[in-house]
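*Asks:* Each protein sequence line maps, in turn, to chains A and B. Numbered continuously in my numbering, the first sequence closes out at residue 642. Numbered continuously in my numbering, the second sequence closes out at residue 1098.
Hints were generated in silico from the structure; no laboratory data involved. All C-beta atoms, glycine included, are put in the ideal place defined by N, C-alpha and C. Careful, some of the hints might be misleading.
As the list claims (entries may be wrong) - Far from chain B, by Cβ distances over 12 Å, these chain A residues were calculated: (1) TRP401; (2) ALA429; (3) ARG578; (4) PHE636.
What the hints assert, rightly or not - Partial selection, computed: residues in chain B whose CB lies under 10 Å from chain A: (5) LEU976; (6) ALA978; (7) GLN979; (8) TYR1026; (9) ALA1029; (10) LEU1030.
Read off the chains here:
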Amino acid sequence: MTAPALTVENLSLSISGANIVDGVSFAVAPGEVLALVGESGCGKSLTASAVMRLLPDAIRQTGGRIRLGSDDITDWPERRLRDLRGQRMSMIFQEPQAALDPLARVGAQIAESLRLPRASARPRVLRMLEDVGISDPARRIDQYPFELSGGMCQRVMIATALIARPIVLLADEPTTALDVTIQAQILDLLRRLAVERQTAVLLITHDMGVVADIADRVAVMYAGRIAETGPTEAVFARPGHPYTALLLASIPRLSDEPKSKLAVIDGRVPAPAEFGPGCRFAERCPLADARCRAETPPLLPVAGNRLAACFHAGRVA
Amino acid sequence: MNAPLDLHDLHVHFPGRGGAPIRAVDGVSLSIAPGETLGLVGESGCGKSTLANAVVGLLPPTSGSVRVLGTELVGASRATLRAMRARVQMVFQDPVTSLNPRMTVGEAIGEPLLVRNLFRGAALRTEVARLLEEVGLRPSQAGNYPHQFSGGQRQRVVIARALALRPALLICDEPVSALDVSVRAQVLNLLVELQAQHGMANLFVSHDLAVVRHVADRVAVMYLGRLVELAPRDALFATPRHPYTRALLAAVPEPDPVVQRAKPHVPLTGEIPSPAAPPPGCRFHTRCPLAIARCRSEVPAWRMIGETGVACHVAY
């Protein structure tokens, strides 16, 4: 395997004493898409903020390292990080209209991270607009975000993020606010650009359909920890963690029996204050026993080149 | 027996900038039988929520007919509307904004019963307890406030409130879209169960085709204010006739990498045009891979192919 573009090692984050991200590790190779998937509150977006070194003030990093290529950026000062963002590491968000500056022309926003004089930036911006599939770039380049549709704004944001050729792109629910036909276009675009430009993509999503569509590998998060990680096809074909298995079974599919009973995960995600010493899924897990409630299961290899944090991984059906 | 819902040539227009009205719903006819769930799908701006809001009377129709159990609601008197509104209840997408944060959930569920003088005092409390149990909550939770519940539980409260008046027609507008995946299944199971028990008709509005397929008996597909296809569920998903329906189905990312990656990737090009200036002829022709000259000038008439109704010159 080529050296990873992004490495997160043992990341732990806490808010007023509660461990809301606990020992999260993963690496993303150039040109690879890794999906961090989970339900609201699982810590996937906070993990992305920690990677960007943009954590909210209330949240403290209590452990772990972040490496970009071979650089450990964990303790870099804000001044150096600022040079990094948009250059070697970029991010796109769920609401493209909210993320773009309403008062700046599309071209100016895309050119900003190039740090070139306007005249010399323009041809590169035009090429980038074309590359993200915007028709009539010569006209669009001088328009404002309100003149564009949601799908086009997301293309503009992708252009803004990628024009400086970053080695890592963080995409936080990039298609959640878009319609399905537009989502399909944007996912195809992300996939193509990742491969062509050899950008490592960390995709944050709650949607297993999106994961199945474009992720090479997946890490399933639950209550601040990685429950399971591995190649997408292997994880979907034979989940190694009961949470993954139940989550997949609870989604209505086009191949299901209509009106049949969907699998349900009983109870609810524990609040950070309720985290016990054991597996955080134990209270909702059909396989849980006394050991699960007392000890934290480590992420260990299971069949199919995967890791699962479950004492009963072999019994997950 | 009169249908719980019968729409005929319904139009809902809004004043637009520069004079041209926004034709959010532009001539829709459909009906729902007792006990039937009609799924209404389409992308944002297609008019599906506007249609739902017009049916419950939250938006005034511009023209056309909305009949609930045979009673015409367009142009009806206040007394008729008030009486009929008890028969039609709605569940919205966001359970947080659907509930008054200063009312206990028991008060919220009891409100429609109290307003209509159906129950009071101890009988009201008993009825609220029964409704809470029916949606899988504990009667002892009646005194709690919405913020003490999770999103899925709040949606259960909203459903209990909608069921309180035993409506003939339940309208659900994206009822599970704001919920987490694991909670979504609980609420979908509940809706399917309740409908089987109560036999009410259900208009289920959603952008999620897999969810609609799971709950609906028939499915209507809207594009830019018009119906493009309406068919029994299995016919629609097995043999979609309209090119837009086919494109929508192809675009749904399936939670199975083997299936998903084997699917032909033919993403629909272009964007949805503005409903203030819809394209002439078939409104889908600007994005349609099958469009011919006729599609650009002539509005396709509604026609039947077997059990499927479709508005397309080319579909067969």
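*Asks:* The structure should be examined with respect to each hint, and the outcome stated for every one.
*Replies:* Status of each hint after checking the structure:
1. TRP401(A), annotated as away from the interface, keeps every beta carbon of chain B farther than 12 Å; the closest lies near 35 Å.
2. For ALA429(A), the shortest C-beta to C-beta distance to chain B comes to about 22 Å, beyond the 12 Å cut-off, and the non-interface label holds.
3. Residue placement check: ARG578(A) does not keep its beta carbon more than 12 Å from all beta carbons of chain B (closest about 6 Å).
4. With 12 Å as the threshold on Cβ separation, the claim that PHE636(A) sits away from chain B holds: the shortest Cβ distance comes to roughly 21 Å.
5. For LEU976(B), the interface hint is violated, the least distance from its beta-carbon to any beta-carbon of chain A being 12 Å, above 10 Å.
6. Against a cut-off of 10 Å between C-beta atoms, the interface hint on ALA978(B) holds, since the closest Cβ of chain A lies about 8 Å away.
7. A distance limit of 10 Å between C-beta atoms decides the matter here; for GLN979(B) the minimum to chain A is near 13 Å, and the interface restraint is violated.
8. Taken as an interface hint, TYR1026(B) checks out: its beta carbon lies about 9 Å from the nearest beta carbon of chain A, inside 10 Å.
9. For ALA1029(B), the shortest C-beta to C-beta distance to chain A is roughly 6 Å, which falls under 10 Å, so the interface hint holds.
10. A least Cβ separation of about 6 Å between LEU1030(B) and chain A falls short of the 10 Å threshold, and the interface hint therefore holds.
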